[in-house]
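Line by line, the protein sequences are chains A and B.
Sequence positions in the first sequence follow the working numbering and run 12 to 291.
Sequence positions in the second sequence follow the working numbering and run 3 to 268.
In short, the hints are calculated from the structure, not lab data.
Watch out, some of these pointers could steer you wrong.
Pairs of lysine-lysine residues, derived as DSS-like cross-links and limited to a Cα-Cα distance of at most 27 Å, are as follows [said to hold, decoys possible]:
hint	chain 1	residue 1	chain 2	residue 2
1	A	K15	B	K163
2	B	K90	A	K15
3	B	K90	A	K14
4	B	K92	A	K15
5	A	K14	B	K92
6	A	K187	A	K101
7	B	K90	B	K163
8	B	K92	A	K101
9	B	K163	B	K92
10	A	K239	A	K62
11	B	K68	B	K253
12	B	K163	A	K14
13	A	K132	A	K14
Partner residues are not named here, just some residues of chain A that face chain B (Cβ under 7 Å, in silico) [to be verified]:
hint	residue
14	K14
15	L16
16	L21
17	V28
18	V32
19	Y66
20	M70
21	L111
22	P113
23	S117
24	R121
25	G124
26	I212
27	A214
28	F227
29	L253
Every residue gets a Cβ at the ideal spot worked out from N, C-alpha and C, and that includes glycine.
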Amino acid sequence: MNKKLPVILLTAPSMIVLLGVFILPMLMMLLLSFQNDAQAFSLENYLLFVKDPFYAEIMWRTIRVSLWTVLCTLVLGFPVAMYMAQASGKMRGIVTMLILAPHLISVVIRNFGWVVVLGDKGWINELLLKIGWIQEPLRLLYNELGVVIGLTDAFIAYMVLAIATSLYAIDPSLSKAASILGASRTRIFLTVTLPLSLPGIIAGTTLVFSLSMSAFVTPALMGGTSVKVMPVIAYEQIMSTLNWPLGAALAFLLLGSTILLVTLYSRLIETKRYKEVFAS
Amino acid sequence: MRKLHPLGLVTFLVLILVNLPFLVIIPSSFTAAGYLSFPPEGFSWQWYTMILDRPEFIESFWFSVKLATITAVLATLVGTLAAMALHKYKFRGSGIVNGLLLSPLTVPSLIIGIAALLFFTRIGIAGTFTGLLLAHILISIPYVVRLVLTGLSTFDYTLEKAGYMLGASPLRVFWDITLPLLRPAIVSGMIFSFLTSFDNVTVSLFLVAPDTTTLPLAIFTYMQETLDPLVASISAVVILLSLVFIVLLEKVYGLDRLFGLNSQSH
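The shape of chain B in the complex, shown without the other chains (with noise of 0.2 Å):
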């Protein structure tokens, strides 16, 4: 055995401290008291079973998956097809357009919901489904072109035109051959669009309206008035939901590729 590097030992606790909060929240939604507390006192489940009498919390949910799966198809839609252009076809302005679909990531998302909220409110559609939804496409087709262009560098053209050859149709050849081949970057930009949505908080904010909220609006809500143990087993409920999208999104794509490209989540 060698013996444990410095390096290994801070490592070891900033993962640790990086990791702290969920190691907390977990514990912490299982006490049987009716406040937060440490050590946790007792076990009960009694605030799991609190999440069934606040409808706000469920509905927000709901509402908050409806929105992220809406986001993700749509951008990874529009996303894609930018990507694709920008990597197929060399036009004129073609940097333009890319700096464009990744200025969103530039921008903080205060600025972009200050804005889109004022926009909104002048052509009708604040506090809107439609405006909140534009909204979390805009901030997501960022990481669904650089996922995407991603996918595309090492993308073969000489198999779509062998497609054609043998006499596909355009779509055909799409579906086929692009589609197929493209699969794990527009996969992980899903993903990565519906985490965004889900998770968005900033942005959201400016935009909802007050019957319907998103799930980390409701309990960033919640929290400023209130902090008791509801919170954690909410939290743990979203947490081991992201986990489930975190590990599809390393299996699909690896964690490691992904970073350098999420700068824009707060």
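In isolation and in its complexed conformation, chain A is listed as follows (with noise of 0.2 Å):
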């Protein structure tokens, strides 16, 4: 059968703008960041964290950035996930609407809103003014809060989803048989519903993390110039300093650190899986 010739005039349009828009500019990129002044190969790029700490401090403002959010959308997700689980068809709709559809509208418009509220001159301080709570505006922007509070928004449509899949697919007659056998909800919740919904937990925590780590957009604009994050840091390289070897090597740094702590996380959460296969 000749199948040859019919996958290839369907699948080469796609193919050409991949590898012209993304594989062969990614290789450049690449062989671009392992580039010094004098155009040589060097690994001077690479060797930032050793050599100076200001990058190495905003590497760890990223990270824990990243980790405050992975925090946040679970402990916020996680009730919304279950409710969704527990809920009838119509009302899991109408939740899963309310959740996606923010999401589908342009994060630097979510951002704007989340500086009407938060801002100095915000909705909060104004009505916490106003009610004699407070005497000073509350720094609620422009700080490492601000830019977690936007990531939160902006992520943890992803976390609720990816736990709510795995809460759909637990067979409700395991809670069931739990309850008849005598066991208290709060043991059912730890005993069987959590343990079961640990792939979503470990896939919404891992997205939430990855997608926290390279958000320019919220940290640009709900962090102001003083909480300045890897990809803000890559971005100026580029387009302002136009150190674009530099830019490069430190958005790679970034791709790999994710990667790296991704991985050790899912590694460590497998091995403590299969300890609790071992000890029952």
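Hints given; two lone chains; assemble the complex.
Right, dumping it as structure tokens:
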């Protein structure tokens, strides 16, 4: 059967786009990141963290902000996912719609909304000042708190949906069985629901962490000039300082450390899960 | 009436929080004051008429519409063809092709943007419409492929066969049988590509020319310098437009079915 021709014809357009806009550019970027000022091969751009504590500090801040975002999305998202798993079909649809719809509207606009809420003259501060709970506006924006709030809003949908998917898959007769055997609701949650939703939690935390590490718009708008994270620094190196090799290296360092941390994390969870299996 | 479940309460609060930005933008945009204030002072359309005095926003709006429309059409075309090849022919390397087509989703937009800028500068299309368009098509392809592949998973090839047996040409079969059956998936892919392109900031940031910029980028730049109710009125217009598309998407495909595949819009 001759199926080579149709396959080539059908996949060629997308493969050309992929090659020309993605694969070749990435390779070029990788090569460029190993270039020093004299345009010779060098590891200089990658040894930054060892040489300059400035970059190590920014990397640590990026990781810290991402971890906080993971924690916030998990704590706020888990109950929502549980509610969705228990809700009727119609209610589940409404919640899905309300958690997903904002996700499809520009992140710039959502950040602007948060500025209106959290700013020094924002709704929260004006309200608290009026009722006299505070004398000075609270600093809710242009610091790490602001970035975490923005990122939590931006990525909570991923956490909710990842956990909800794994909760939907749990056989409801399991909790019923546990209940008949006399387990309390807390016990059922801890021994049935939580362990079985672990795949969703791993997927959600991993996804939100990776997304937070490389987020640019929210930190730029809600972090201000004092709270710079890796993506913002990489952007500045490319667009303002025009040090392209350094910008490229920073971007790869960010990507590399994200992958490394995510891999370590899932290794850790896996071994822990096996331990549980062996113990029982 | 059963009493309000604690989970229900948390869910309610989270839903309010997630939608809070929009809930405050709309009233803020009607303020009569010259600054953002709480509660909004008075009522006026002034910040909406003000948009008309800012040609950069009007121009960038139409530029975004044009870009997103062409992106949607081309990405859907290119992605649909690839998805059909993947589903219909079990060829060697199809796993690799599939992985490649979805890979722009797993690489951060920031890196895609930087890489594209470096490469486009080398080949001389940096800052051109073509460059920007190509990048937007790239980031839209994974969504189209995923959506069309899902649509194809329930596709009945015997219908195509029946068409051939009745003497229809391949083109006729495609047009009269394949396409109508896949329409929901293809239309959703198109709407999703439109929204992906229309809202994109991180990739566009590196690729726009100073004189032609997209609307979200125009707002982004404006926001970094000034914060006034003008941003609110422009945002309100965009929110309204996006809502139209979201409702469309919900009607054509169902939002819940979309989830899990949108992981790279920031």
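How the hints compare with the structure:
no.: 1; hint: A/K15 to B/K163; result: holds (20 Å)
no.: 2; hint: B/K90 to A/K15; result: holds (12 Å)
no.: 3; hint: B/K90 to A/K14; result: holds (10 Å)
no.: 4; hint: B/K92 to A/K15; result: holds (10 Å)
no.: 5; hint: A/K14 to B/K92; result: holds (9 Å)
no.: 6; hint: A/K187 to A/K101; result: holds (23 Å)
no.: 7; hint: B/K90 to B/K163; result: holds (13 Å)
no.: 8; hint: B/K92 to A/K101; result: violated (39 Å)
no.: 9; hint: B/K163 to B/K92; result: holds (18 Å)
no.: 10; hint: A/K239 to A/K62; result: holds (19 Å)
no.: 11; hint: B/K68 to B/K253; result: holds (24 Å)
no.: 12; hint: B/K163 to A/K14; result: holds (16 Å)
no.: 13; hint: A/K132 to A/K14; result: violated (65 Å)
no.: 14; hint: K14; result: holds (5 Å)
no.: 15; hint: L16; result: violated (10 Å)
no.: 16; hint: L21; result: holds (4 Å)
no.: 17; hint: V28; result: holds (6 Å)
no.: 18; hint: V32; result: holds (4 Å)
no.: 19; hint: Y66; result: violated (16 Å)
no.: 20; hint: M70; result: violated (15 Å)
no.: 21; hint: L111; result: holds (5 Å)
no.: 22; hint: P113; result: holds (5 Å)
no.: 23; hint: S117; result: holds (4 Å)
no.: 24; hint: R121; result: holds (4 Å)
no.: 25; hint: G124; result: holds (2 Å)
no.: 26; hint: I212; result: violated (15 Å)
no.: 27; hint: A214; result: violated (9 Å)
no.: 28; hint: F227; result: holds (5 Å)
no.: 29; hint: L253; result: violated (11 Å)
Figure legend: structure checked against the earlier numbered hints; hints not met, in rising order: 8, 13, 15, 19, 20, 26, 27, 29.
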